[in-house]
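Listed below, chain by chain, are the residues.
There are 4 protein chains.
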Amino acid sequence: MAFSRFLPFRNSILAGAANVKASFWSNTGHGISTFGPDLAIDAGSSSVRSYANYTVFKGKAALSMTPVLPTIRKVDISKVYKNGCVMVTFWPAIGQRKYDWQKKQAFALSPTEVGSLIALGPAESCEFFHDPSMKSSLEGQVKKTLSVSPLGNDNGYFLNLSVVNHVQKTNERFSVPVTKAEFTVIRTVLSYVLPHIMGWPQALRSEVPSKATNLQKHQYVGEEVLRDPALEWER
Amino acid sequence: MAFSRFLPFRNSILAGAANVKASFWSNTGHGISTFGPDLAIDAGSSSVRSYANYTVFKGKAALSMTPVLPTIRKVDISKVYKNGCVMVTFWPAIGQRKYDWQKKQAFALSPTEVGSLIALGPAESCEFFHDPSMKSSLEGQVKKTLSVSPLGNDNGYFLNLSVVNHVQKTNERFSVPVTKAEFTVIRTVLSYVLPHIMGWPQALRSEVPSKATNLQKHQYVGEEVLRDPALEWER
Amino acid sequence: MAFSRFLPFRNSILAGAANVKASFWSNTGHGISTFGPDLAIDAGSSSVRSYANYTVFKGKAALSMTPVLPTIRKVDISKVYKNGCVMVTFWPAIGQRKYDWQKKQAFALSPTEVGSLIALGPAESCEFFHDPSMKSSLEGQVKKTLSVSPLGNDNGYFLNLSVVNHVQKTNERFSVPVTKAEFTVIRTVLSYVLPHIMGWPQALRSEVPSKATNLQKHQYVGEEVLRDPALEWER
Amino acid sequence: MAFSRFLPFRNSILAGAANVKASFWSNTGHGISTFGPDLAIDAGSSSVRSYANYTVFKGKAALSMTPVLPTIRKVDISKVYKNGCVMVTFWPAIGQRKYDWQKKQAFALSPTEVGSLIALGPAESCEFFHDPSMKSSLEGQVKKTLSVSPLGNDNGYFLNLSVVNHVQKTNERFSVPVTKAEFTVIRTVLSYVLPHIMGWPQALRSEVPSKATNLQKHQYVGEEVLRDPALEWER
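In order, the protein sequences belong to chains A, B, C and D. Using the working numbering, read the first sequence as starting at 1 and increasing by one per residue. Using the working numbering, read the second sequence as starting at 1 and increasing by one per residue. Using the working numbering, read the third sequence as starting at 1 and increasing by one per residue. Using the working numbering, read the fourth sequence as starting at 1 and increasing by one per residue.
Treat the hints loosely; a few may be bogus.
One copy or two, either will do: identical chains are not told apart, so a pair holds if it fits within one copy or between any two.
[Said to hold, decoys possible] List of simulated lysine-lysine pairs, DSSO-like, C-alpha gap at most 30 Å:
1) K135 - K98
2) K60 - K135
3) K60 - K74
4) K169 - K79
5) K79 - K98
6) K143 - K98
7) K135 - K104
8) K58 - K79
Just so you know, these hints were derived from the structure itself, not from any lab. This structure is a prediction, so every number in the text was calculated from the model and none was measured.
Here chain A stands alone, though its shape is the one from the complex (with noise of 0.2 Å):
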């Protein structure tokens, strides 16, 4: 098992890249570091939320995956919904144990992608594409590409972001290996994370705010017709 066995040296550059710029923060080397510019003006409004990232750091580039729930914006007098997602960033090294926030760049993982990195076997590799003008006239134009592919030996992957940007004539590539026990515990929060991004558990309470309380509803409430299971008897 090289990985635990080089554990602790992996950590120890984590944790002096922590140091670097956060030499504040108390970092037992748990393989988890939170700074850079959005979290530290976050810290402001709220300091929990911050905290909830998985950062691996490696000899190029460190990634760091935090999750983003659904929200509901009222424009006018209708809703926007906009869907939740898990927001990969990576940024490059500047040296030794030396990492520059500023220039990071972030992937938004959909449900269905968070979906495809649950599944993926120990020898299968996955590649999602994301365009931000998608069916606009600047289609095409700046393209980013996230691919993962297995470092054999069921040893882990490699997660590597590409941006290339024929607008401002940029290409940069990020590339991160992670572990069989950093893939586990990427796997096992998105598991956890998934349905809350997809709004499920919001949903699940706003249905049951107290036993007391729903039954109240259950009495007389009309909606309650539209929970029926009967109803798939109907159109």
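Position chains B, C and D relative to chain A; hints supplied.
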């Protein structure tokens, strides 16, 4: 991994489909969309719940899965308990990226049927039969069949719904190919929601409204005895 | 998939069975039913909890599983902690679709026994022995044995309970065949409920009553020290 | 399934062990027991939390696992975030069914180390090294090693902890065989608790304090922008 290469294509279909009837909904290609009469009606009363579904749009039809919690309704002095289920709704495509919600047909998955979907192996298939008039004189007049069969090469499954109505002399068929990634989302949310449609989390919550109360409760209440594992030795 | 083809048949048995003793309960054939003395008594105090079970009706007997949370009871100045469990109850068929709850026998699964059911492979079997008078003079007078053995061809398992009582000179046996789909429901809810019967969610909840309080808490409280991973270096 | 046949025997050891130091604790042979200084101290402040562990008693030693949530502590104007972990504590047997809590040694599993235990295959092993003085002049003076190796024939694992202290000239070793069923309990609760020690549920909860507030929030608040998947296209 053909399925992931084609994801963007499928997503653009989806985005298009969503725009047809609900151009005001944001749709970032996450394979989730929420519209149709009942959801619209519903949006008034409880906007969060109405988004708790997983919808897949394909060439010939779309399918959507949404959880239905168990309910307790008071009828005179007695309580009527209605089991929860996972409602699967199919509706047909009526042109490129156009779907007709009016022609929808629903199938309510029982906990055990959910269990067989969760357990389904890559090369396995299963079939469920529902008859609204079971054990009545009309038994067999209307029959719904949901069948799930593998696409082959561990690429996902075909979900087929057929509704035969001997009274109305109608025979409707829906067929939706679901990729391995999409089925993993389905399997993951079904595993998450199964205890909920069986009422377990609600029950566990009702047992520990708060630590304090919990202690209170267990000092005096006789029901405590009811929950004593030692009861295994009594009748 | 024989089991799914026969599901409607089994469900009609179930529906019938439910109607025998509790015709006022709705039963939409979901393989869940709730009746019998303790549940009836219970329904008064906490109607939601009494539905948190999973019941399977077969030709010779029925079985039901329900979670039992750990409890803390005050005895004089000290607290007595009682472990949670999953209660498995068997009761015999006394005719077509008729079951006699009075003749029920219960078996309380410990967390470790729950673990061995979750881990059970398709061709594996396991067996648990409980003796109420363990380490007393009566040791061995009454013995309960729950055995789980495969039906073959990955079709599910036989759940057998035998209760031998040398005092009352009785020997009762129950045998319920459980399909792969039904066992998947059992495995899924057991995995869900295992941390609960071990008291983990309650404990985690008691640690973060609210974000604010949490921050409060950790600024002053000495117990904080208790929870410092650095403690790994102390005695 | 040797392990289940021997379960009653192991449980009686356990029951005995518990009785030695804490005869007033009920112990129904569930493989869970809660005693020892820190828990005792702790019981005063938060009795529920102190029971959230999983303890296995074997011939030469006992081991216990308990979750530790991440914490945020205010230091002057900045906040210090401390990662959560799963604390594994070993203590030696000092005679038949007698264990000495004073001689305990603890090992704090990081999220990534938890991940490698969850991913561990039946024939695989792994090893973790912790050094309290990593990157200090004392580096290497004290070393803790937790190794997990298969018992063979898919029967479970040996969990071994060694603590070498060159300063105190001590070398302590603990070895606890864990059955497949017991490791399944461990794997199941580790999978459950992993997102919690990473702070994800707390963060998700802090996002949706209530549906109403949620809607409120998203109509006005600027942070909303922060959480917009479209952000994937910005820097």
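Hint-by-hint comparison with the structure:
1. Proximity of K135 and K98 under a CA criterion of 30 Å is satisfied inter-copy only: 17 Å between copies versus 39 Å inside one chain copy.
2. With identical chains, the CA atoms of K60 and K135 are at most 30 Å apart between copies only, with a shortest distance of 22 Å across copies and 34 Å within one.
3. In this homomeric assembly, K60 and K74 never come within 30 Å of each other (Cα to Cα): the closest approach is 42 Å inside a single copy and 33 Å across copies.
4. Taking the shortest Cα distances, K169 and K79 never come within 30 Å of each other, neither inside one copy (38 Å) nor across copies (41 Å).
5. In this assembly of identical chains, the alpha carbons of K79 and K98 lie at most 30 Å apart only when taken from different copies (22 Å versus 43 Å within one copy).
6. For a Cα distance limit of 30 Å, the shortest separation of K143 from K98 qualifies both inside one copy, at 27 Å, and across copies, at 27 Å.
7. In the homo-oligomer, the alpha carbons of K135 and K104 lie at most 30 Å apart both inside one protomer (26 Å) and across protomers (29 Å), since each shortest distance falls under that limit.
8. For the homomeric pair K58 and K79, the shortest alpha-carbon distance between copies (26 Å) is at most 30 Å, but the shortest distance inside one copy (42 Å) is not.
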